[in-house]
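2 protein chains.
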Amino acid sequence: MNRIITIGREFGSGGREIGRRLAEKLGYAYYDNEIITEISKKTELSEKYVQSVIERKPLISYPIHIGGTFYTLPSVQLEQSTMIYKEQCNILKEMADRSDCIVVGRCGDHILRDYSPTRIFVYADMASKIQRCRLKGGEDEKLSDNELKKKITSVDKHRAEYYNFYTGKKWGDKSNYDLCINTTDKDVKDIVERLAKFVL
Amino acid sequence: MNRIITIGREFGSGGREIGRRLAEKLGYAYYDNEIITEISKKTELSEKYVQSVIERKPLISYPIHIGGTFYTLPSVQLEQSTMIYKEQCNILKEMADRSDCIVVGRCGDHILRDYSPTRIFVYADMASKIQRCRLKGGEDEKLSDNELKKKITSVDKHRAEYYNFYTGKKWGDKSNYDLCINTTDKDVKDIVERLAKFVL
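Sequences listed follow chains A and B, in order. So for the first sequence, the numbering used here puts the first residue at 17; every next one is plus one. So for the second sequence, the numbering used here puts the first residue at 17; every next one is plus one.
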């Protein structure tokens with residue numbers, strides 16, 4: 017069986033960078049946005065739409081009460097979210113069958129559980145995540161500390177809701193992972209060197 | 017500054033064995049029951065008594081209301097617990113000043129925070145902890161699964177209360193550690209080999 021590493025991560029913790037660098041170091045395939053592209057191809061939905069739906073808990077259609085009778089409103093969004101999740105499951109399994117690989121996010125630890133993956137979760141304190149977001153540059157560079165904190169909290173809230181919804185487990189709860197790594201005040205490159213020795 | 021590793025652990029997770037084996041492997045001093053012996057020597061309290069007080073949250077004396085006036089009952093137990101904790105702090109710091117070392121339990125991660133320790137927390141699922149307790153033999157061998165589960169839950173409850181009381185932080189919460197390791201279905205010797213490479 018191929019060797020699979022899944023990485024869950026808090027936004028700004030450096031988890032994605034750890035995944036990419038670790039894959040390079042170990043010579044494993046690395047899947048992150050590639051998964052969006054594949055889903056987009058298979059479902060014929062735009063990458064932008066897939067991106068907007070993925071890692072968000074779908075809106076559930078609740079029964080409503082009109083004139084003594086319950087009606088359930090159909091939810092196109094729920095159906096599409098479920099279809100995208102199913103496609104994601106197929107794609108991740110195809111990738112895991114193909115070669116050793118590292119999967120970042122996407123409920124990888126749960127979807128690939130039959131492949132006995134090494135399940136890693138990467139986290140850090142808020143100050144460290146704010147600093148890391150700012151150093152990465154781009155859009156985040158212009159935000160105030162408070163704005164960045166709101167963004168980080170919001171992204172992680174969506175990740176948690178998505179993960180909890182589809183897996184029935186709690187995102188970030190250490191019992192769901194083999195190894196949890198705190199990157200507060202740590203150098204990501206150094207962590208990757210150490211991690212490569214740990215997982216081999 | 018000496019290199020310090022602190023290990024917090026759930027009862028039955030193999031954390032103590034990991035600490036001992038890792039210390040052997042790295043050539044670090046290893047402190048666990050040695051701390052009890054030292055406290056006993058310095059306070060002239062019996063090792064058995066120190067053992068019974070340590071890792072238990074002290075009973076707080078609450079003010080009581082008699083005839084319109086508040087009285088605070090003196091608590092010998094609280095005073096002794098506090099004295100033992102202070103002695104423990106001194107001893108841990110002396111040990112950390114002496115050489116590279118590994119400290120298991122005893123709020124080591126908090127007491128030695130100025131020594132920049134590598135703070136590890138070891139955990140496992142209940143089935144795995146029950147199995148590990150049984151394999152260790154001794155008293156636990158004779159207990160039923162249910163009795164072992166109760167014992168594990170009770171020991172960890174006391175550890176959590178003690179840690180939370182003295183540190184103001186939450187025992188087992190991953191934010192307080194650099195690395196959390198799940199030993200469920202894992203071989204402790206193998207984990208030590210990997211960990212030794214990670215921390216060096």
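Mixed in with the good hints, there may be bad ones.
A pair holds if it fits inside one copy or across any two, identical chains being indistinguishable in the list.
Unchecked claim - Below 25 Å or equal to it, Euclidean Cα-Cα: the simulated BS3-like pairs (lysine-lysine) are: (1) LYS166 - LYS102; (2) LYS173 - LYS158; (3) LYS102 - LYS202; (4) LYS185 - LYS202; (5) LYS185 - LYS213; (6) LYS57 - LYS185; (7) LYS213 - LYS41; (8) LYS109 - LYS57; (9) LYS190 - LYS166; (10) LYS213 - LYS165; (11) LYS41 - LYS165; (12) LYS213 - LYS186; (13) LYS64 - LYS185; (14) LYS102 - LYS41; (15) LYS58 - LYS41; (16) LYS165 - LYS102; (17) LYS186 - LYS102; (18) LYS166 - LYS213; (19) LYS58 - LYS166.
What the hints contain is simulated information worked out from the structure, not anything from laboratory work.
Structure-based check of all given hints:
1. LYS166 - LYS102: neither (31 Å within a copy, 40 Å between copies)
2. LYS173 - LYS158: within (22 Å within a copy, 46 Å between copies)
3. LYS102 - LYS202: Result: close neither inside a copy nor across copies, 36 Å intra and 31 Å inter.
4. LYS185 - LYS202: between (28 Å within a copy, 21 Å between copies)
5. LYS185 - LYS213: neither (29 Å within a copy, 31 Å between copies)
6. LYS57 - LYS185: Intra 29 Å, inter 48 Å, cutoff 25 Å: neither.
7. LYS213 - LYS41: Both: 10 Å inside a chain and 16 Å across chains, each within 25 Å.
8. LYS109 - LYS57: within (16 Å within a copy, 60 Å between copies)
9. LYS190 - LYS166: both (24 Å within a copy, 22 Å between copies)
10. LYS213 - LYS165: Classified as neither; 33 Å inside a copy, 35 Å across copies.
11. LYS41 - LYS165: Classified as neither; 32 Å inside a copy, 42 Å across copies.
12. LYS213 - LYS186: Answer is neither; intra-copy 28 Å and inter-copy 30 Å both fail.
13. LYS64 - LYS185: neither (27 Å within a copy, 42 Å between copies)
14. LYS102 - LYS41: neither (31 Å within a copy, 46 Å between copies)
15. LYS58 - LYS41: neither (30 Å within a copy, 51 Å between copies)
16. LYS165 - LYS102: So LYS165 and LYS102 fail the 25 Å test inside a copy (32 Å) and across (38 Å) alike.
17. LYS186 - LYS102: within (20 Å within a copy, 38 Å between copies)
18. LYS166 - LYS213: For LYS166 and LYS213, the Cα distance exceeds 25 Å both inside one copy (36 Å) and across copies (37 Å).
19. LYS58 - LYS166: neither (34 Å within a copy, 51 Å between copies)
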